[in-house]
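*Asks:* Sequence:
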Amino acid sequence: MWLAIISFRWTVTNMALATWFSLLLVCLMGAMFPGASLAVVLRQTLNNSPLHGVVTSISHALGVGVYALLSVLGLGLLLHQSPVLMKFLSYGGALYLLWLGIQGLLAKPNGSTGHAELQTKQTASLADAARDGFMIALLNPKIGLYFLALFSQFIHTGMGVDAKAIFVLTIIFVDGLWYVLVSLVLSQGPVLAWLKRNQLWVERALGIVLIAIALRIFLT
Numbered sequence: 098m099w100l101a102i103i104s105f106r107w108t109v110t111n112m113a114l115a116t117w118f119s120l121l122l123v124c125l126m127g128a129m130f131p132g133a134s135l136a137v138v139l140r141q142t143l144n145n146s147p148l149h150g151v152v153t154s155i156s157h158a159l160g161v162g163v164y165a166l167l168s169v170l171g172l173g174l175l176l177h178q179s180p181v182l183m184k185f186l187s188y189g190g191a192l193y194l195l196w197l198g199i200q201g202l203l204a205k206p207n208g209s210t211g212h213a214e215l216q217t218k219q220t221a222s223l224a225d226a227a228r229d230g231f232m233i234a235l236l237n238p239k240i241g242l243y244f245l246a247l248f249s250q251f252i253h254t255g256m257g258v259d260a261k262a263i264f265v266l267t268i269i270f271v272d273g274l275w276y277v278l279v280s281l282v283l284s285q286g287p288v289l290a291w292l293k294r295n296q297l298w299v300e301r302a303l304g305i306v307l308i309a310i311a312l313r314i315f316l317t
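Residue numbering for the sequence shown follows the numbering used here, starting at 98 and increasing by one per position.
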């Protein structure tokens, strides 16, 4: 374990600590930008459990990590230079968002308890949560282009495999940590109480957001 820590410190020092902190900051800003990913994590946390939100967050980070790895390997250029592949991934992601959004928009109140709660339904499996998080990341080719831009700023031809691994792992860690924290914060105290009181309307609002994002993808 100590050897791993020493190796990590040596690698980060080699790639310049300032460069690594810059990468950390850029990744954090990218993760914090609100969008479909945040809506899906919130939806899983609210409709199922904090654990579902955490699983969605981790799987989303792994999906983001796929694009980071492709960028490091130089395969991100293929995505940039292939409009057909870009369209295929974009439309696939839009259809997936549209499906999730329609589910939220059609949410119905529980007749026995009033309009504030959704109809009782079987909790989705953790596998469903993992699928949603991973697919939302993987079917978003803009993430690939984002990391392609990062690649040109932080990765150079002389960089070793260990430094490139730190690049990819940093991206996965930052993305996963941010959304896990969001899941945990939203599942505590007054925040959760407010969300539960307004669960039906929150679900419908998230549905509208997801549908709007999907339509924007189709129209651009």
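Treat the hints with caution; some may be incorrect.
To be verified - Quick list of the computed label-pair ranges, beta carbon to beta carbon:
1. V258 <-> W196: 16 to 24 Å
2. G171 <-> S119: 15 to 23 Å
3. I199 <-> V258: 14 to 22 Å
4. L170 <-> F130: 41 to 49 Å
5. F118 <-> Y188: 17 to 25 Å
6. A309 <-> S119: 17 to 25 Å
7. L289 <-> V258: 25 to 33 Å
8. Q178 <-> T317: 13 to 21 Å
To be clear, the hints were calculated from the coordinates, so they are not data collected in a lab.
We treat Cβ as the ideally placed atom computed from N, Cα and C, and that holds for glycine.
*Asks:* Please go over all the hints and tell whether each is borne out by the structure.
*Replies:* Going through the hints against the structure:
{"no.": "1", "hint": "V258 <-> W196: 16 to 24 Å", "result": "violated, 39 Å"}
{"no.": "2", "hint": "G171 <-> S119: 15 to 23 Å", "result": "holds, 21 Å"}
{"no.": "3", "hint": "I199 <-> V258: 14 to 22 Å", "result": "violated, 44 Å"}
{"no.": "4", "hint": "L170 <-> F130: 41 to 49 Å", "result": "violated, 25 Å"}
{"no.": "5", "hint": "F118 <-> Y188: 17 to 25 Å", "result": "violated, 37 Å"}
{"no.": "6", "hint": "A309 <-> S119: 17 to 25 Å", "result": "violated, 33 Å"}
{"no.": "7", "hint": "L289 <-> V258: 25 to 33 Å", "result": "violated, 43 Å"}
{"no.": "8", "hint": "Q178 <-> T317: 13 to 21 Å", "result": "holds, 19 Å"}
Checked against the numbered hints given earlier, the structure breaks hints 1, 3, 4, 5, 6, 7 and satisfies all the rest.
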